[in-house]
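S.K.: Using the sequences plus the hints, can you model the full thing?
Top to bottom, those sequences are chains A and P. No gaps in the numbering here: position 186 of the first sequence is 185 in numbering that gives the first Met the number 0, and each next residue is one more. No gaps in the numbering here: position 84 of the second sequence is 83 in numbering that gives the first Met the number 0, and each next residue is one more.
Hint data in this document are derived by calculation from the structure and do not stem from the laboratory. In this text, all values refer to a predicted model and were calculated from it rather than measured experimentally. Incorrect hints may appear among the rest.
Computed beta-carbon distance windows for the label pairs [said to hold, decoys possible]:
| hint | chain 1 | residue 1 | chain 2 | residue 2 | range |
| --- | --- | --- | --- | --- | --- |
| 1 | A | Gly88 | P | Met62 | 54 to 64 Å |
| 2 | P | His220 | A | Asp239 | 21 to 31 Å |
| 3 | P | Gln76 | A | Gln142 | 40 to 50 Å |
| 4 | A | Gln221 | P | His220 | 30 to 40 Å |
| 5 | A | Glu213 | P | Glu56 | 45 to 55 Å |
| 6 | P | Glu216 | A | Ile206 | 33 to 43 Å |
Cβ atoms here follow ideal geometry from the backbone N, Cα and C, with glycine treated the same way.
Each chain, letter by letter, is given below.
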Amino acid sequence: MATPEQRVTERVEGAVQAPASSEPAPKLTFEAKNVSIWYGQKRAIDNVSLNILSKAVTAIIGPSGCGKSTFLRALNRMHELTPKTRMEGTVLLHGENLYSKTVDPAIVRRRVGMVFQKSNPFPTMTIGENVIVGLRLNGVRNQKFLNERLEKSLRMAALWDEVKDDLHKPGTSLSGGQQQRLCIARALAVEPEVILMDEPCSALDPIATAKIEELINELKAQYTIVTVTHNMQQAGRISDYTAFFYLGRLIEFGPTTAIFTNPTERQTEDYITGRFG
Amino acid sequence: MVTPKHILGTFDEALSALRNNVLMMAGLTERSLERAMKGLFTRDDNLCVTAIADDEEIDHLEMQIDKDGVAILLRFQPVASDLRRVVSAMKLSSNLERLGDQATNVARRARKLNQHPPLSEVDLIVPMRDKAMAMFKDSVDAYVREDVELARAIVPRDQALDELNRVVSRKLIQRMSQERDQLRGYLNLMFVARALERVGDHATNIAEDAVYAAAAEDIRHPSLTASV
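M.R.: Below, the structure written as C-alpha cells:
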C-alpha cells in the first residue's frame, strides 16, 4: 500500500510525463522540492514537492489556511516580506535555484509577476503610469519604448480598447474589473516568465470575472500561470492542472479533469464536493 | 466507508431525491416487465393491459429525473462522484424508460397471441426471459450497491443472450415454413424474443453506467478506450 506521499509523487510524475514516447516531455517552469515554510513557530507549508508545467494554468485549491497562498508566494520569494519567515527546500525556476544566495529577490519578482486578490493600482498614478511603473523603476527611460510596451501590455490584458483615450486618468478611476486587468497589464509590462495570481477574481462581478478568465486562457499561450482560487468551478474552467493543499501539505496534484471527475484521495473528493468540515 | 454528508444539506436532499426516483423507476420497470412476461405465459390479458398502463408512470418519472438532474447541475455544479452520480442517474432513467417500452411491446404481442390458441413454441422464450430478467435485476443491483464487479460481469452475459435470440429466431423461422397457418403467431413470438434481446442491451447499458458512477471508468466500446 503506497503512502500518501508516494501516491502524490506518482501523480505528480504521472502528470508531467509525456503521453507517448514520440512526443517531447512537457517543459517545467517550476520544480519545488521538499519545500517547508514557517511563520515563526507555525509551519505553513509541510514538505511540498510540486512541478509546474510551462505554458499551462495550474490552480491551487484548498480550504483557508491550507498554505496555498504561502506556496504561491514562495514561487517569487514574496513570502519573505513577512517577518519571522523561514524556509527549507528548493524552488527551481527553469532549473535555476530561486533561493540561491547569489539571486536577487527583486530580480525574481520581475521574472515572476504577481496579481493579487484586490486590485491595487498605485492611487497617485495615471492608468498609463501604472502600467509602465515597473519599467521606470528598472531604469527604462526611452519614451518610445515605454509607449510601445504600454500599448502592448494593455492589449494583452484586453484593456487597451477601453482605456486608450483615458491613459492620463487615475488608475483608481477604473471599475474593479478594469483595475484588476490594469494590474495584470502592469505585471505583463516587465515581461515576466510566469504570472502568479492570488484569487484574482474573488472581488469581481461575474462579467469582470469572465473577462479575467478569458484573459488567463489567452495568456497561457505565452506564459506559465499559477493561480490560487477558492472557486471550484473557476478552477475547473480555467486550469489545466490542479493541486489540492490541506494543512500545509500537497494532498493531490494532477490534470484538472481527473481531479474534478475522479480524485484519487478521499480528502480531495470531500473538499471539492463540499463535504469537508 | 460511509460517505460523509455535504456541508450544504439541500444538496444531499436533492441527490437523495434523484436517487430515490431512479430506484422507484427501476422498481416500476421491473414490475412492468414481469407483468408483461406473466401475461404472455399465463395468457392473462388483464396483466398485459396493466403492464401497458404502467408505462405512463415510468415515462413520467423519466421526465422528473431529467428535470431534477438538470436542476442539480444548475444549482450545485456537482463534481467528482457527485457529478458522476447525477450523470449516471439521468442516463439510467433513459434506459429504464426504454425498458418500459419493451415491457409494453411484449404485453402488446402477448395480447395478440392470446386471441389465438396457445403455441407450444412459447416455451422457447423461457430461457431468454430468465437470462434477460436476471441481467436487468443484476444491473440495477450493481448500480444500487455500486458493485463494479457485478456490473462488469453483465457485459459478456449480453452476448449469450444475443446468441440465444439468434437460435430462437432460427427455430421460429423454421416453424413458419412448416406451419404457415401459425405465421402470425410465430412472428409475434419473434418480436417478443427481440424485445428480450433489447432488455439485455439496456441492462448492459445500465451496468456500464454503474461502473462509471462507482469507479469513473468508461467500459463501453473497449476497442475505442485507448484512443479516447
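S.K.: Hints first: check each against the structure and report whether it holds.
M.R.: A quick look at each hint next to the structure:
1. A/Gly88 with P/Met62: 54 to 64 Å: 56 Å, holds
2. P/His220 with A/Asp239: 21 to 31 Å: With a Cβ separation near 27 Å, histidine 220 of chain P and aspartate 239 of chain A satisfy 21 to 31 Å, so the hint holds.
3. P/Gln76 with A/Gln142: 40 to 50 Å: 49 Å, holds
4. A/Gln221 with P/His220: 30 to 40 Å: 38 Å, holds
5. A/Glu213 with P/Glu56: 45 to 55 Å: 47 Å, holds
6. P/Glu216 with A/Ile206: 33 to 43 Å: Holds: the Cβ-Cβ distance is about 39 Å, inside 33 to 43 Å.
The structure agrees with every numbered hint stated previously.
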